[in-house]
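K.L.:
Go by the hints and put chains F, W and U onto chain C.
4 protein chains.
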Amino acid sequence: MNYIFEIELEVRDYECDIQGIVNNSVYQNYFEHARHKFLHSVDLDFAELHNQGFDGVVTNVDIAYKNSLVSGDSFIVKIALEKQGHLRMIFNQDIIHKETGKLMARGKITTVFKSNGRPVKPDIFVDALRTKGIDFKETV
Amino acid sequence: MNYIFEIELEVRDYECDIQGIVNNSVYQNYFEHARHKFLHSVDLDFAELHNQGFDGVVTNVDIAYKNSLVSGDSFIVKIALEKQGHLRMIFNQDIIHKETGKLMARGKITTVFKSNGRPVKPDIFVDALRTKGIDFKETV
Amino acid sequence: MNYIFEIELEVRDYECDIQGIVNNSVYQNYFEHARHKFLHSVDLDFAELHNQGFDGVVTNVDIAYKNSLVSGDSFIVKIALEKQGHLRMIFNQDIIHKETGKLMARGKITTVFKSNGRPVKPDIFVDALRTKGIDFKETV
Amino acid sequence: MNYIFEIELEVRDYECDIQGIVNNSVYQNYFEHARHKFLHSVDLDFAELHNQGFDGVVTNVDIAYKNSLVSGDSFIVKIALEKQGHLRMIFNQDIIHKETGKLMARGKITTVFKSNGRPVKPDIFVDALRTKGIDFKETV
Numbered sequence: 001m002n003y004i005f006e007i008e009l010e011v012r013d014y015e016c017d018i019q020g021i022v023n024n025s026v027y028q029n030y031f032e033h034a035r036h037k038f039l040h041s042v043d044l045d046f047a048e049l050h051n052q053g054f055d056g057v058v059t060n061v062d063i064a065y066k067n068s069l070v071s072g073d074s075f076i077v078k079i080a081l082e083k084q085g086h087l088r089m090i091f092n093q094d095i096i097h098k099e100t101g102k103l104m105a106r107g108k109i110t111t112v113f114k115s116n117g118r119p120v121k122p123d124i125f126v127d128a129l130r131t132k133g134i135d136f137k138e139t140v
Numbered sequence: 001m002n003y004i005f006e007i008e009l010e011v012r013d014y015e016c017d018i019q020g021i022v023n024n025s026v027y028q029n030y031f032e033h034a035r036h037k038f039l040h041s042v043d044l045d046f047a048e049l050h051n052q053g054f055d056g057v058v059t060n061v062d063i064a065y066k067n068s069l070v071s072g073d074s075f076i077v078k079i080a081l082e083k084q085g086h087l088r089m090i091f092n093q094d095i096i097h098k099e100t101g102k103l104m105a106r107g108k109i110t111t112v113f114k115s116n117g118r119p120v121k122p123d124i125f126v127d128a129l130r131t132k133g134i135d136f137k138e139t140v
Numbered sequence: 001m002n003y004i005f006e007i008e009l010e011v012r013d014y015e016c017d018i019q020g021i022v023n024n025s026v027y028q029n030y031f032e033h034a035r036h037k038f039l040h041s042v043d044l045d046f047a048e049l050h051n052q053g054f055d056g057v058v059t060n061v062d063i064a065y066k067n068s069l070v071s072g073d074s075f076i077v078k079i080a081l082e083k084q085g086h087l088r089m090i091f092n093q094d095i096i097h098k099e100t101g102k103l104m105a106r107g108k109i110t111t112v113f114k115s116n117g118r119p120v121k122p123d124i125f126v127d128a129l130r131t132k133g134i135d136f137k138e139t140v
Numbered sequence: 001m002n003y004i005f006e007i008e009l010e011v012r013d014y015e016c017d018i019q020g021i022v023n024n025s026v027y028q029n030y031f032e033h034a035r036h037k038f039l040h041s042v043d044l045d046f047a048e049l050h051n052q053g054f055d056g057v058v059t060n061v062d063i064a065y066k067n068s069l070v071s072g073d074s075f076i077v078k079i080a081l082e083k084q085g086h087l088r089m090i091f092n093q094d095i096i097h098k099e100t101g102k103l104m105a106r107g108k109i110t111t112v113f114k115s116n117g118r119p120v121k122p123d124i125f126v127d128a129l130r131t132k133g134i135d136f137k138e139t140v
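Residue numbers (my numbering), protein chains in the order written: chain C, 1 to 140; chain F, 1 to 140; chain W, 1 to 140; chain U, 1 to 140.
No wet-lab data here; the hints were simulated from the structure.
Because the structure is a prediction, the values reported are computed rather than measured.
Fair warning: there could be bad hints in the mix.
Each pair may be met inside one copy or between any two copies, as identical chains are not told apart.
Below are the EDC-like pairs computed for lysine to aspartate or glutamate, each with C-alpha atoms no more than 20 Å apart in a straight line [as the list claims (entries may be wrong)]: (1) Lys-37 <-> Glu-99; (2) Lys-137 <-> Asp-127; (3) Lys-98 <-> Glu-138; (4) Lys-98 <-> Glu-82; (5) Lys-37 <-> Glu-8.
This is chain C alone, in the form it adopts within the complex (with noise of 0.2 Å):
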């Protein structure tokens, strides 16, 4: 994939569940902190943006998990971006093992930009990643 994004994390004890793995949930939380540094290396900011009205707003999540991380584990969350038809920006995620450099989850998170609770084009989005260079495929 060509991802244009990364930040390292490590496993935090209380996300471990009863199983002494990562409970699953939590891996949506990895994948939306880094969607959010994504956006502040783009000059973009999540909660300002919900400030002045305009909101990312999530639509669907599909998370293949592959291996389990578990306590001490450092890994990498990585992002690759889709642009599909006129309203839909994909972030395709995936979470490396720092160590072994296993794929542990993968991710599809579908989104769209929503302004009083309706969906608009992602303008301010792609005009940042544009300003910075940032390459995306485009689908339909």
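P.N.:
Quick look at chains F, W and U alone, frame taken from chain C:
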């Protein structure tokens, strides 16, 4: 869908995020809690199974977010069940707004049972379902 | 203690950590949810108050952990109320194991109301309590 | 305070609630993560200790919330250590805003070590501290 189980829950304010809506990751908590309550209803216990070296593991999560749950909302989590091939149990789970009847989110959660880290046939689970006379679809 | 409100909850498995017990931080979630449900019972709403520019803010939390909640437990969160001086409302909150009646945790949560970031007298709250005839201790 | 350890963290947006500030319960996550990282720094591991039947258990948490962490904040969690009597290890933990140096929260976390559910002297921990030449206060 042919629902076989449901529980009623309500939004807790700490589950909401900056946008004032339930954070996307929390829906996985709701889905998981409903599955574990369903296990209880067929006399199985997630924590006990783990202590017996038998883990239900989520391999894939696909969630369509249709409408946002907000502070004060009550909702029903419903489950329909599907056995796919020899190993996979798929939980089709809907979250329905209690007052309006609106579909808020639809999840397809694919699980396998593992023992000593390796996939095993979900016989314990299938037997429990049959004992209780619970219906599930079988697909290839 | 002179309890004025209680709710019943049950442990959700995702709230448990590697040790197989409910993580310490989650007790704060339970306490908060009970407080917000109590507000509802006197016709106040935490999210609405926030939208009106009026925030209940926790300034201190003191929790004694007596026994560990585990998977499958049901429990009661009870509230006794105390007004301290002009500004502070203190929620004395106990978590009682439903089956055994054991005290699991005891919290003392000190709150103030803020408007535009500055502490204000909790008149809205006190009026709501008086309207409902709800008893609270007053201390200096 | 005589700090012996610190880590730097940053607010993640999903940790913020309706009020747009980090939810109070999350500070316990920050404190816990800092403690576990500190354990690592003296070659102890929370998850491993648990598997050896040796659990660090929090018996009391006292947190003073001074200022609210918000989206985008970076902060330092600092630890000072105190041995109280024969059994209790107390972690005095401060959260300091990175940019402003402001104290955001101060926690006093009382812990005991347990084996088979019964309190035991924290010898493993004290030995690890002495091996590393780490200073701690002893009180009665």
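K.L.:
Compare the structure with each hint and give your call.
P.N.:
Tested hints:
1. In this homomeric assembly, Lys-37 and Glu-99 come within 20 Å of each other (Cα to Cα) only across copies, at 18 Å, whereas the closest approach inside a single copy is 22 Å.
2. Proximity of Lys-137 to Asp-127 under the C-alpha cut-off of 20 Å is restricted to the intra-copy arrangement: shortest distance 15 Å within a copy versus 47 Å between copies.
3. Taking the shortest alpha-carbon separations for Lys-98 and Glu-138, neither the intra-copy value of 30 Å nor the inter-copy value of 39 Å comes in at or below 20 Å.
4. Proximity of Lys-98 to Glu-82 under the C-alpha cut-off of 20 Å is found in neither arrangement, the shortest distances being 25 Å within a copy and 35 Å between copies.
5. In this assembly of identical chains, Lys-37 and Glu-8 lie within 20 Å of each other by CA distance both inside one copy and across copies; the values are 11 Å within and 16 Å between.
Checked against the numbered hints above, the structure violates hints 3 and 4; every other hint is satisfied.
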